[in-house]
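Q: Letter by letter, the chains look like this.
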Amino acid sequence: MLSYALRRLIGAIPTLFIIVTVAFFLIRVAPGGPFHLERPLDPQVMENLLRVYHLDKPLWQQFLLYLGNLLRGDFGPSFVYRDFSVGDLLGSGLPVSMQLGGAALLLAFILGTTLGSLAARHQKRPGDYGVMAAAMIGITIPNFVMAPVLTLLFALTLDWLPAGGWGEGALANKLLPIFTLALPQIAVIARLTRGSMIEVLRSNHVRTARAYGLPGHVVVIGHALRGALLPVVSYLGPAAAALITGSVVIETIFGIPGVGRYFVQGALNRDYTLVMGTVVMIATFVVLFNLIVDLIYALLDPRVRYDK
Amino acid sequence: MTSDAASATVKSRSLWADARRRLLANRAAVASAIVLAVIALVCIAGPWLSPHGYDQVYRNYVKVPASLAPYPGAEAVEPALEKALRRARVEIEDWRVADGRLRVTLTADRPIDPRITRYLDRADLFEDTTVADQAEGGRRLVLEAAIRQQYFLFGTDANGRDLLSRTLIAGRISLMIGLLATAVALVIGVTYGAVAGYFGGRVDAVMMRLVDILYSLPFMFFVILLVVFFGRSIVLMFIAVGAVEWLDMARIVRGQTLSIKQQEYVQAAHALGVDNRGILRRHIVPNTLGPVAVFMTLLVPKVILLESFLSFLGLGVQEPMTSWGVLIAEGARNIQGAVWMLVYPSIFLAATLFCLNFIGDGLRDALDPKDR
Amino acid sequence: MRLRRAWAFTVGLIAILAAGPPAAAEMIYHRGNNADPETLDQHKTSTVYEANILRDLYEGLVVYDPAAKLVPGVAESWELSDDGRTYSFRLRADAKWSNGDPVNAGDFVYSLRRIMMPETGAKYANVLYPIANAEKVHAGELATTDLGVAALDDRTLEITLEVPTPFFLELLTHQTGLPVHPPSVETHGPEFVRPGNMVSNGAYVLEAFVPNAQMKLTKNPEFHDAAAVSIDTVYYYPTEDRSAALRRFQAGELHSNNDAPVEQVAWMKKNLGDRFRVAPYLGIYYYAVNTSKPPLSDPRVRLALSMVIDREFLAEEIWGGTMVAGYSFVPPGIANYGEPAIASYRDMGMIDREEAAVALLVEAGFGPDNPLEIEIRYNTSENHKNTALAIANMWQPLGVEASLLNSDTATHYAVLRDKGDYDVARAGWIADYNDPQNFLFMVESDNDGFNYANYANPDYDALMDRAAAETDLEKRAELLLEAETIFMRDLPFIPLLYYGSLSLVSDKLEGWQDNIQNVHATRWMAIRE
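Protein sequences, first through last, are from chains A, U and G.
Position 84 of the first sequence, counting from 1, maps to 84 under our numbering, and the rest follow consecutively.
Position 102 of the second sequence, counting from 1, maps to 102 under our numbering, and the rest follow consecutively.
Position 219 of the third sequence, counting from 1, maps to 219 under our numbering, and the rest follow consecutively.
Pulled out of the complex, with its shape left as it was, chain A reads as follows (with noise of 0.2 Å):
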């Protein structure tokens, strides 16, 4: 196990450099540029600017410059957050970015999974389609419509918790958010447990424990959930590497200072080196998070075997 994860990380190298080539050169083929935008420059101040953030070199030697400095650590200027290295912006954001991200992921998978296993266990009675029926609500209702509504109830109508803002981390203020991001992945993981559950609840080795007279949830928990959480797991992967990296909607509506809006607003702004940076961020999460859940896998069905 622990050299096929050695060698997925020394494979993880290659597929950053193809990520971060193809991510370069994607990027620059779209119209417009870091100074396009709603007011219109002075022809001698955009060549000026050009010159000074070497946008005005062929392609490939910027693609060079911004390779060697990659290598140094170096993710280069924001070319729109002029005062800020693009290292900077995603160090400041990142830490928050998680913090919300972490804890919406715990939640969600902790709520996800009880609901999912007891809805298995009560399928095709009231319970089930209760639980389903509150988990179809949180994925039916798209964030941008939560969020509002949410912050109405619980800020304006209750003023049990702040309208918006990060207050330096206070815990009040993560609450909203933290919430309004766990709500459709509750709801999607509570489906995903149902479904494979179900299935897992008549394979024989459950009903084996079953028939040997174990307590209900002692066979789910022991028996039962390892199997059932193939899928669930599965999803997660990815799912967590978008969560961490922070939702642009929920920060944008609430003022959190995390990096999800760096995704949205660099490819906006076209700003080339925040995007980079926000495309190596991501390909690393998502390559880690790969491997822990490929991992896990083999954790949860011994049958998996990945050396052959």
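To be clear, the hints were calculated from the coordinates, so they are not data collected in a lab.
C-beta: ideal position from N, C-alpha, C; glycine also.
Don't take every hint at face value.
[What the hints assert, rightly or not] Calculated lysine to aspartate or glutamate pairs in the EDC-like style (CA-CA distance at most 16 Å, straight line):
| id | chain 1 | residue 1 | chain 2 | residue 2 |
| --- | --- | --- | --- | --- |
| 1 | A | Lys57 | A | Glu47 |
| 2 | G | Lys219 | G | Asp232 |
| 3 | U | Lys83 | G | Glu316 |
| 4 | G | Lys293 | G | Asp490 |
| 5 | G | Lys269 | G | Asp259 |
| 6 | U | Lys83 | G | Asp347 |
| 7 | G | Lys293 | G | Asp418 |
| 8 | G | Lys136 | G | Asp146 |
| 9 | G | Lys136 | G | Glu119 |
| 10 | G | Lys508 | G | Glu529 |
| 11 | G | Lys508 | G | Glu222 |
| 12 | G | Lys419 | G | Asp446 |
| 13 | G | Lys508 | G | Glu253 |
| 14 | U | Lys83 | G | Asp310 |
| 15 | U | Lys63 | G | Glu382 |
| 16 | G | Lys216 | G | Asp232 |
| 17 | G | Lys293 | G | Asp421 |
| 18 | G | Lys96 | G | Glu222 |
| 19 | G | Lys216 | A | Glu168 |
| 20 | G | Lys136 | G | Glu162 |
| 21 | G | Lys69 | G | Asp514 |
| 22 | U | Lys83 | G | Glu312 |
| 23 | U | Lys63 | G | Glu316 |
| 24 | G | Lys136 | A | Glu47 |
[Stated by the list, open to error] Here are some chain G residues pointing at chain U (derived, C-beta under 8 Å):
| id | residue |
| --- | --- |
| 25 | Phe313 |
| 26 | Glu317 |
| 27 | Asp347 |
| 28 | Glu382 |
| 29 | Lys385 |
| 30 | Ala390 |
| 31 | Leu404 |
Given the structure of chain A, go ahead and fit chains U and G onto it with the hints provided.
A: Here is chains U and G on its own, set in the frame of chain A:
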């Protein structure tokens, strides 16, 4: 025993016939399928039957609330009258509404051009305006007009367009995209994931790394470039959406395959000499369909909302055409002022998704080989 | 008895006097600012959001008072030479940087040279091009020492201009005219903008900045007018989502926000009353027309298209009354100008306008069997979309087949700037300074960056050149009016609406005055709980 007699006593059932029978027995799934069919029918036929065009602008009825009572209300007549005649340089001396007809007296310093009736006709409230009487050499004019009753059952949007018609025509786009893009993602994802999981080893590694690469690339730029190179069309939307969604599906199927391929029946099929293609087609793929069916029901809402995000970037439906995702996004911005803009499209979307949910569950239950 | 009472009284009096006045609570202002600044370096700046923050941190030669009138800042007085080309500023003796250094003329010379240096990459250097040799310095053709600024002594600054420029003082209120602290820039380089490194001469200093979260400014004790500044701490929040900002405002978390969700205007007018402000704002919302592309190259077509647009409907229904119908290109109320050139059809009835427009189109060769096809481009926004839809609808009676194309902002402006293929495209312009030249210069034929319409009219250019050289303000206004009249006849841009600024202002905030430049420096305000 003759072969006829033999086949009369034992009729073999294929997996699919079995599944179909079970699905049809699932009342929730059948009911949902019926509701979904009704929604689809309404969305297809509705816009033709509606008295309002989906892109018809009513300048007098911007953001009016949903109402079962016909418009205009009594209090809307006077402001509409003043607006219609605003630049006509006349004084409204007196006006009256009786029996659904308006009678208004106008005065001015100079003879009034009788073509002023066109200004009243222009307003959405009045029609068939005629000059009933004139005096003082044309300086006093009495006009009569019929008040046009209209129904806006779901209210109107920010441009004064009937929301019911727009919701229905939006349904066409959303249903089409939701189902077709999901189908595309399904076919590609299942095939890819099953192959990767089944062959394992180097093949699996390469295929999954490709998935990782595609996953990490900035989706926004990919979309922007599609618009640049191919212009905007609905076909492109499928491509863009399908290109992103198959990745998750592939991953889930691959995970399932990894565990399924170790099962006894697969090993038995190997022993019997079934080729790889056969095993994939008859054993692996059908057994992954359980979670796949469930994931599909999760995919459709994602696709529908993703489409609204694409429209935000300029790819996707262009105005005046619209989709539920776009309508809901507009409605979310108007929660505190015009909540009907959010509520009605959301109801349609939610109903559709609930139906798909029960159908998906029904499919999963039907395809589960152990459910007897 | 009497003695005891007197003793008690005295003791009581002493107690009261000894207690002193009640301790003043710290006055904190929570201010919504729509977006994070891209930079706090005044020489790289370009957006209004940065201007708001920089105006609190630094003080220029001249500043705006609460009503947006020009008043002395660091310069206590100034003189203009007879030929109108040389300004002589006398600086205050008590102006200080936040580290105690005095603000002297050399600081301004350094600052102005720095913004013109090509290496700085200043986005708004062209605002100060009226300074002698500025354009050449910025293009790298001359050294920065050739720039027309000089410090005659520590308290006297001389600025020489290329040509007499009546709006030059207004230009100095722009954030590009703010000084930097030379030793800080020399020591820290571009990092001088970080909290802890930054030395500023305005009412506030930068204490902390968390991107995307908040910025904290505290009162600058060295500021020459510190005694009159009431607010001790200002928090700036980037409130990009306007609806979310409205909710935070309602919850009392923000004392003000410099924009409001247009979709909820009716609700805000009803429920917020005076806390929701709409004020005229010096800017114009317009459609650029590609005059080099037939059939839009025919001025009759452009005039027909412009005539039938019901701007009052757009202003009231689509924009909820937050914009004003615009029938001229230069907004009314602008300085150094009289009544702008108003379109002749403003007072015509809509049906008469439509008839005239149809006649024009028939003359130009369009009719029911040859319909005009136009594509309207706009960048993504709910309001731009609704405006385009309404206008397409208004063009229907002319038989125009209009299609809409929505693209993201960068793509939209890339097409316009790079002279791409388009028919009609939405654009907007907010004035940099209070003078009609700042609107009319856009369609001069040599103005590559701004002339989206590809308009080239030698008569127009000649009038603008003459106006630039004219020192008599009234004559100059006449020349500009002639130019605007040509503009309104030819319509390279179709003006639609004059901008209004929307603000949310809490009852507890005092000193916020609506003004045409939408500038509200914190130093003039106070919070009364």
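Q: Measure nothing beyond the straight line between the CA atoms of Lys219 of chain G and Asp232 of chain G; if it is 16 Å or shorter, mark the hint as holding.
A: holds (5 Å)
Q: Let's test the interface hint: is any C-beta of chain U closer than 8 Å to that of Glu317 of chain G?
A: holds (5 Å)
Q: Measure nothing beyond the straight line between the CA atoms of Lys83 of chain U and Asp310 of chain G; if it is 16 Å or shorter, mark the hint as holding.
A: holds (12 Å)
Q: Quick one, are Lys419 of chain G and Asp446 of chain G close enough, alpha carbons at most 16 Å?
A: Between Lys419 of chain G and Asp446 of chain G the Cα gap is close to 14 Å, so the pair holds against 16 Å.
Q: Given the proposed pairing of Lys508 of chain G with Glu222 of chain G, does the C-alpha separation stay at or below 16 Å?
A: Distance of about 27 Å is beyond 16 Å: violated.
Q: Is Lys293 of chain G within 16 Å of Asp490 of chain G, Cα to Cα?
A: holds (14 Å)
Q: Given the hinted pair Lys96 of chain G and Glu222 of chain G, is their alpha-carbon gap at most 16 Å?
A: holds (6 Å)
Q: Are Lys136 of chain G and Asp146 of chain G close enough, with their CA atoms no more than 16 Å apart?
A: Measuring from Cα to Cα gives roughly 9 Å; hence the hint holds.
Q: Does Asp418 of chain G lie within 16 Å of Lys293 of chain G when you go C-alpha to C-alpha?
A: holds (15 Å)
Q: Lys63 of chain U and Glu382 of chain G were given as a pair; does the straight-line alpha-carbon distance stay at or below 16 Å?
A: Roughly 14 Å separates the two Cα atoms, so the pair holds.
Q: Do the alpha carbons of Lys69 of chain G and Asp514 of chain G lie within 16 Å of each other, as the hint requires?
A: Given pair Lys69 of chain G, Asp514 of chain G holds - Cα atoms ~12 Å apart, limit 16 Å.
Q: Restraint: Phe313 of chain G near chain U, CB-CB cut 8 Å. Satisfied or not?
A: With a closest approach of 6 Å, the Phe313 of chain G hint holds.
The structure fails hint 11 only (numbered hints given earlier).
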